Amino acid sequence: MNLNQLHLFITAVLLTSILFLGACDNSFDPTDRDNGIYSVHGMLDLLEETSYIRVRDMNAPFTLDATEELDAIVTLYNLDSGDSFQLNSDIREFEGVFLHTFTFSDGVVPDTPYQIRVENSIGLELELTTQTPTLPELQINRENDACSTPVNLVFAPLNGGTMVLRFGLEEDQEDRDGRWGILRVYDSSRYTDQVSLSITPHRTAEGIANAWGAPCSSLLRDGYLYLAIAHYSPGFYERLNDEVTDILLTTQQFGGFYADTLAIPIDTSQ
Amino acid sequence: MKQLFSIAFVLFILSGFGSNLTAQNSAVLRVITINTEDGTPMIGATVTLSEPGSDETPALFCVSDRDGLCEIRNIPAEQELELSVSFVGFEPFIERYVFEAGERKIVRATLTPAIGEFDELVVTQQRYLTTGEVGVQRITTTQIARTPSPVAGGDLATFLQSVPGVITSGDRGGDLYIRGGTPDQNLILVDNMPMVKPFHISNLFSAFPDDMIQNADLYAGGYAPRYAGATSAVLDVALRPGNMRAHRASASVSPYLTAIQAEGPFTVDRSSFLLNARYSLIDKTGGWLTGEDQNIQFADLTGRFTIQGDDITCSITGIYTYDNGEIVPTRNIDHTWQNIAVGGRCLGYSEFFNHPLDVSAGFTSYRNEEGTPVQSERSSEVKQIYVRADFKNQIGGLPVDMGFGVNIKTYRFELNERFTRFISLENVDRTMPVVHIYTGTEWSPGNSLTFYPGITSQFTLDMPFTFEPRLRIAWQPGGSNNTQISAAAGRYVQTHSGISDERDAGTVFVVYKPAEVDDPLPSAIHGLLGFNQRLGNRTSFNIEGYVKRHYNIPVSKWNPEPRIEIETALADGLTYGFDIKFSMDASRYYVSGSYGLSLTEYEAVSGDLGAWIERPVFSYSPAHDQRHKLNLAGGYSFAGFNVDARWELGSGKPYTEIFGYDFFFRFPVENPGFDPGQARILYSEPFNGRMPWYHRLDLSISRDFSLGRSSVIESQLGVINAYNRRNIFNYDYGVLERVDQSPLLPYLSLRWVI
Chain A
1 MNLNQLHLFI TAVLLTSILF LGACDNSFDP TDRDNGIYSV HGMLDLLEET SYIRVRDMNA
61 PFTLDATEEL DAIVTLYNLD SGDSFQLNSD IREFEGVFLH TFTFSDGVVP DTPYQIRVEN
121 SIGLELELTT QTPTLPELQI NRENDACSTP VNLVFAPLNG GTMVLRFGLE EDQEDRDGRW
181 GILRVYDSSR YTDQVSLSIT PHRTAEGIAN AWGAPCSSLL RDGYLYLAIA HYSPGFYERL
241 NDEVTDILLT TQQFGGFYAD TLAIPIDTSQ
Chain B
271 MKQLFSIAFV LFILSGFGSN LTAQNSAVLR VITINTEDGT PMIGATVTLS EPGSDETPAL
331 FCVSDRDGLC EIRNIPAEQE LELSVSFVGF EPFIERYVFE AGERKIVRAT LTPAIGEFDE
391 LVVTQQRYLT TGEVGVQRIT TTQIARTPSP VAGGDLATFL QSVPGVITSG DRGGDLYIRG
451 GTPDQNLILV DNMPMVKPFH ISNLFSAFPD DMIQNADLYA GGYAPRYAGA TSAVLDVALR
511 PGNMRAHRAS ASVSPYLTAI QAEGPFTVDR SSFLLNARYS LIDKTGGWLT GEDQNIQFAD
571 LTGRFTIQGD DITCSITGIY TYDNGEIVPT RNIDHTWQNI AVGGRCLGYS EFFNHPLDVS
631 AGFTSYRNEE GTPVQSERSS EVKQIYVRAD FKNQIGGLPV DMGFGVNIKT YRFELNERFT
691 RFISLENVDR TMPVVHIYTG TEWSPGNSLT FYPGITSQFT LDMPFTFEPR LRIAWQPGGS
751 NNTQISAAAG RYVQTHSGIS DERDAGTVFV VYKPAEVDDP LPSAIHGLLG FNQRLGNRTS
811 FNIEGYVKRH YNIPVSKWNP EPRIEIETAL ADGLTYGFDI KFSMDASRYY VSGSYGLSLT
871 EYEAVSGDLG AWIERPVFSY SPAHDQRHKL NLAGGYSFAG FNVDARWELG SGKPYTEIFG
931 YDFFFRFPVE NPGFDPGQAR ILYSEPFNGR MPWYHRLDLS ISRDFSLGRS SVIESQLGVI
991 NAYNRRNIFN YDYGVLERVD QSPLLPYLSL RWVI
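Respectively, the protein sequence lines represent chains A and B.
The first sequence maps to residues 1 to 270 in the working numbering.
The second sequence maps to residues 271 to 1024 in the working numbering.
Rather than coming from a laboratory, the hints here were simulated on the basis of the structure.
Since the structure is predicted, the reported quantities are computational estimates derived from the model, not experimental observations.
Note that CB positions come from ideal geometry on N, CA and C, so glycine has one too.
Accuracy of the hints is not assured; some may be wrong.
Part of the chain B face toward chain A, derived, beta carbon under 10 Å [stated by the list, open to error]: (1) Y497; (2) G618; (3) P830; (4) M961.
Computed list of chain B residues with no C-beta within reach of chain A, every gap over 12 Å [said to hold, decoys possible]: (5) R343; (6) I364; (7) Q484; (8) Q567; (9) G806; (10) F934.
Chain B extracted, bound-state conformation (with noise of 0.2 Å):
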């Protein structure tokens, strides 16, 4: 521990905590851009300093973060600027100062709504490409209302679905698979808080409906170095704080669910609440919907507190999800998992501060468990407890990103195998403290190039510490706002694996692992290039390029019965591809379209996964191998009326055979002349079958009634799965049927919102 407090003290330090590093001869702005309809902060609008009556591109500029802050430094003192804060749709707010020397000026910025029609609104200085954004999708609420969902607005869990290179096992399940990673390669973060899997049994929903979220980001790949313990992806959550202008309320129901909503200020604009829950109806009216039993359940329930002050804003979250119900209907095999999750998230950007400090801490628990409907057989759990602070700095001229956290992760199994003659029982109870550093810096050689390196690096107790260097570039030819390309790299280790029988699509439950003192860490080396084009204001065109090269990734041993295992045998996987874009963004209607191409291969020493396969070195596409995927999108908006599309095309996925059903004796105590023998169905060779391809059409019509000054009904009719596509989700082995995903399924979704 002596090592994790010396390099936070030396962070503190470097922090320039109450120092003043900053050039004396320039000054620093920090704008928080606030929406004034709620109070709420605003992000992507765009900051810029320039000379007054200027018509050159400002050099100075920077664009709100979720938290709605900006910074730009170095800005010359004693001299008159203008400031100008703009977003689509709001007036831009604008005023002028002169900066003294050393001074550290805070701006609070309240952007008021544009009042007319604003189809053709174009904000001048609007910035469309941040820079170094090869793998990372940001996700807006807008994105995530308009994806047909049978709810009232919209679910991240559905729009993740539509983006390239994100791949589920189903319509059920809440498994996301992200360039060829596995779930337990992703590292899931809400406001900070790491969640293991905050998704819905059904995989139309998550924890998080659109208007719950502030944003999320999705890296895909070649993340930065602030984020550390997984290999494969990263999804970002933020929640959105509750309106500190005015109360509301909103309650809605559908045939899935049914939700309640209700936010308001305790101080108005300097603190509030948000809370959210939902419940699961379609337990109760999928049959009659679908004519198919529907026996899933689920809940969330989101509460979050925020206080905004002058120069800090602090939130405290509280995150409870339940999950239950059967994977394959005939089985009668039950599922569940939970989330809970509390932290408190503080950001300060005081003049004090040389530089914002983001600090964050709190408890999160994950648990799931698989057994028949009255006894659970087998579980799996990781609570975390989690610190982390995060710094800026400028060291010589460059803006430096630091920071420090501490995740103490306590992970439990219990295991009672029943499925086979095999019996084993294997617990393990482990608390495993995890210490992530890191320290990243931004250079530009030329106006239009940009580096971006840094460095990662997490230790334990018994583990040394590890070397992740992260690399990302950015090109804007000629210095385009319009143009692109972006190439990332690096290397990502995570101190844990989880462990799933690959084999069965009908199991989601994963034996979370800590890794062993001895045992190499999985580790992964990825490397993206994209390119960013920009055609006017409306369309975006991006193609992306990857490859991933995963290092010792736990996999269960193959055994030829169906049965979890967890001893582990090592494999290497190797996965690339490309993903194509295009958007097209009027204010009546969008199109989008993506296409990607990904394959996935593992490979490990045949002895080692105990196959039966006589190559020494076996190669195989694991489940989640998904070669294409093609998803196009579309909306038009006439009298009031909105209308929504989304089609889905994939390539099937591997599967196992069946090599064979046998009824197997134990010579020479049972004879065939006198016992049956213990019927059994063996697996061929792994994953040695692709499943049909799969496709979907979802639609959604959706229109808001107005009942007076405050209070609307926001109404959506639509159907997921249109044209009753039978899409295969798995084959039961274990009573010989083939399991179907979700029918053809109308819905009515009302909210009233008040």
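Okay, chain A solo, but in the shape it has when bound (with noise of 0.2 Å):
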């Protein structure tokens, strides 16, 4: 190689660096802004004075800044009455980031159906739409509250919704959890148009106890077999409790829902 050679060489490498200097794009961003607009978790609560719906923006990172503002009308809807309701919310910073929660308090109807809007300023929207469960009378049926006596219970009407049951010794208290059996699950498969199911409330109390053979009394010590109740917008349940983590199912948790807990009385001498 001679002079020329090596300047050409030289000079090669130079105007390779020079060239890629300051070419192509390196700016990132790794949000995929083409999916996903807002996440929204809320529960139409149909005994509760107050329904809680929280409303993100996906693309918003976790930052004071980027969240302290949510360019987001919420509106719900009574596809019923055709009510509208544009929801306000309460805004708190939860470890460096904001979090909206939109709150409805004109009390929810049930078994009825609601839609939640979500609209951004430009125009992109979401839309969520739910049938609230029916608010069943529980009958019970039986010849006499002894222990051993059968007991027929029957919620009527249904429309489609789960009911998660559990029968329990004893009532949840502020600072411990009561004692509960397992949870009976009533999907749409399983009834017709209501529910209804037969216990002994002795056995069942042996069963939550695990202690067969024990003395009614010794079981229900304050006289109670309590019945704790869960019910869901159609399909809601099921949604919730999906085995496979599918994310808009997961970021779009909403539905009409109620929970209660009832006392039966039982009279633990006989």
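Take each chain as given, in its own frame, and dock them per the hints.
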């Protein structure tokens, strides 16, 4: 290699360096902005005075700056009556992120279609619809309140929502959990228009305590068999408990619900 | 096990041990080529036998292998022939022999460096092409040393990154993706010891500095039957023996690491040792040099003992490597991995043997962990006890390679997931012996066309035989020594898989998992076609096209949330592309360039993947699908200085975008009115984004300073990422920060050799 070839080599190296010194766009935004505008997590609670719905801009990272403002108008529609409610948000800060929680306090009507619409300033919107569960009257049929007398429980009418029941020996307290048995799930495939079940309080209590042969009085100490009821909009329970983590399902949790606890008096002396 | 012993016995008999199957009217010549400077074997020396004074191209020739051995068969008896052993830069070894019928002659040819200027030295009969080279990259220590590396000399890892088709996940992690394959689909052999990951956490380094390597062969696909247990690529590294004639020692230091090496004979020309130890310093110097903390440590220790007899060469090798540090500096997650390997290998080429016999045995262990700096949270380990024997024979006039191996593999892993609300504990401890048998031959229907068919099979105690046919074809049009068209194809099966969270470049933790009894084995079919052209003595041009079809690749099930899944789905993969290489090599300068185009696509049933994608079958480009890669390198020597430069350009690799940032609620236990919810980042559709292009220029200038007769200071001044390009490594979803690869890193390295 002579001097000219050396110059050629050095020039080639330098040119290559300079050519690409500032070339190529090096910016990087990892957020998929084409998908997922908002996440919505909320339940329309038939028995609570206020229902809470959390709405979040899914493209906003977990920083105060990015979450201080939420570009969203949240409207709840009662599709039966045609009433619409523009919801206001409560904003609070949690570990460096502002959380926007919308409230609805005008009373949720059972067995009614509701739609929530979240819309931003450029017109992108998300709509979620649900049918609130019915609020069935519980009919308790039994010959007497003796511990060994079968009890027939009937929930009607139902509109396809899922009812989750469990019996218990003690209620939940502020500072401790109650004593409850297994969950009994009644989805729409297990009933037509009503859920009916028969139990024997004594055997049910024995099963919860896993103490077969124990006297009723030692199991139901305060004289009640408790029944916890959770009732969900059609399909809502199933979506909440889906084993596959589906992004769209898990970021769009919206449905009707109520939970209640009944105390069934039992004469433990019989 | 009865099967195994039967096969071993049959192969042993077929090897012609002690028999005289060679045609009785011809002879065999085995040549051991020795470098007179240090008494060690020479690779690539051309050995020819011809009639004295003949100008014709010799029909009897061979090229010395990594053991310095080559063999010529079917030599006519009772005829005077001239043996010539030549190598660039060395005085040729020339002697005349008359062979007796049935004779097996062993010649130790000692080559002495040519004295004086040999800029334009041309060695007659130098053979530039060995046949059937498609998919093969023969790596020499010279090539490694030329690649700018922040230590004196060079390192195999730095060089490998300049090879088209070889992709890393950035400048950290030590993972190599070769032509669409993943690291667990690679077989790495170091003197026949199977090692899982002898690469350091800084991708600039492996356990193999240039001065420890005899040579290395990278088979990017279509490899020969003797290699089994990997579906993508093979890296076969041969370490050099210690100096057989003189004691040498060196010590080096650079901002990246410090190293010491010692070698020398126990008995001159008979036995030697070689010791090498390196320890990283970059965690101490990186902050000062780059302004960024470099929280990585690594070390390696290699020892080698070699005995060289008249007709046998044996070596015992031990390697230990250790790596620890943060792949993503902001994440506070430590990765640790260790390799331990101890193995012995003997090559017998006695006149008593009809053919050379190669036997290896040893133990290797690999363990990788991930966790916080104070506690390991998951680990995976592979231990291997291996024995292998490789024979040759002549059956029906054809040379036949054959061999078998037993590899008793023990897989252990413990996972303790902490990332999400999900808790999963999965522990596995399983031992699985894998037996590998192979045979292959060479058939030339004409002078310029050669076929290399072969077959490999593996089996375990609870899995049937695999069927792995292989074929290589080489055609040298017109019998030219400068032009070759070659092709290769074959089927490849492996009995294990590596599972990692591919979505996250910030983790290199891999769960090595044996194939389950009823699972289909991961397999691949390769097809390669190559054209190689030499233009004179200095210039070569090579183009290769390839396609690889992978089946049953276990990929971790998709989950929108960042956590490792041990449950896998099976994907099929297709990789195709081509590489172009050009090199011009003279004594004072060299220029090389390569470009690789590659496309890799995986396909799986969406339901199996657990993905939320609605399409029934999901196709995606995995994280290592780098479409374009360009490498330019050059160097020039003047006034005792060597200047080297390397520039690399790569297109962006796929990554999984963030679908969104969310607070999740466990209804009805939690309520948005009172509870904050659980913060989570959700991944979008797998690998739906691409990172920006990558490019980097590395420069170095080196010079040796003599300090008397036997003492030299080798110095190198250089810079990695010379124009301080911000090349992205990944985006850390944990802390929502972009993580870049190393910034401009200047260095001065010194090595004192005595």
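Quiz item: Going by Cβ atoms, does Q567 of chain B stay more than 12 Å from chain A at every point?
Solution: Holds, because the least Cβ-Cβ distance between Q567 of chain B and chain A comes to about 29 Å, which exceeds 12 Å.
Self-check item: 12 Å cut-off, C-beta based - I364 of chain B kept clear of every residue in chain A
Solution: Holds, since 33 Å exceeds 12 Å.
Quiz item: Should the hint that P830 of chain B touches chain A count as held when the rule is a Cβ pair under 10 Å?
Solution: At about 5 Å, which falls below the 10 Å cut-off, the nearest Cβ of chain A leaves the hint on P830 of chain B intact, so it holds.
Exercise. So, Y497 of chain B near chain A? Judge it on the closest CB pair being under 10 Å.
Key: 37 Å, violated
Quiz item: Against chain A, does F934 of chain B keep a CB gap of more than 12 Å to every residue?
Solution: Its Cβ does come within 12 Å of chain A, the nearest being 7 Å, so this is violated.
Quiz item: Are all C-beta atoms of chain A more than 12 Å from that of R343 of chain B?
Solution: 43 Å, holds
Quiz item: Does the nearest C-beta of chain A fall within a distance shorter than 10 Å of the C-beta of M961 of chain B?
Solution: Given a least distance of 7 Å, the restraint on M961 of chain B holds.
Quiz item: Can we trust that Q484 of chain B is non-interface, i.e. its beta-carbon lies farther than 12 Å from all of chain A?
Solution: 30 Å, holds
Quiz item: Holds or violated: G618 of chain B as interface residue toward chain A, Cβ cutoff 10 Å?
Solution: 47 Å, violated
Quiz item: Would the least Cβ to Cβ distance between G806 of chain B and chain A come out above 12 Å?
Solution: 16 Å, holds
In this structure, the hints that do not hold are numbers 1, 2, 10, in rising order.
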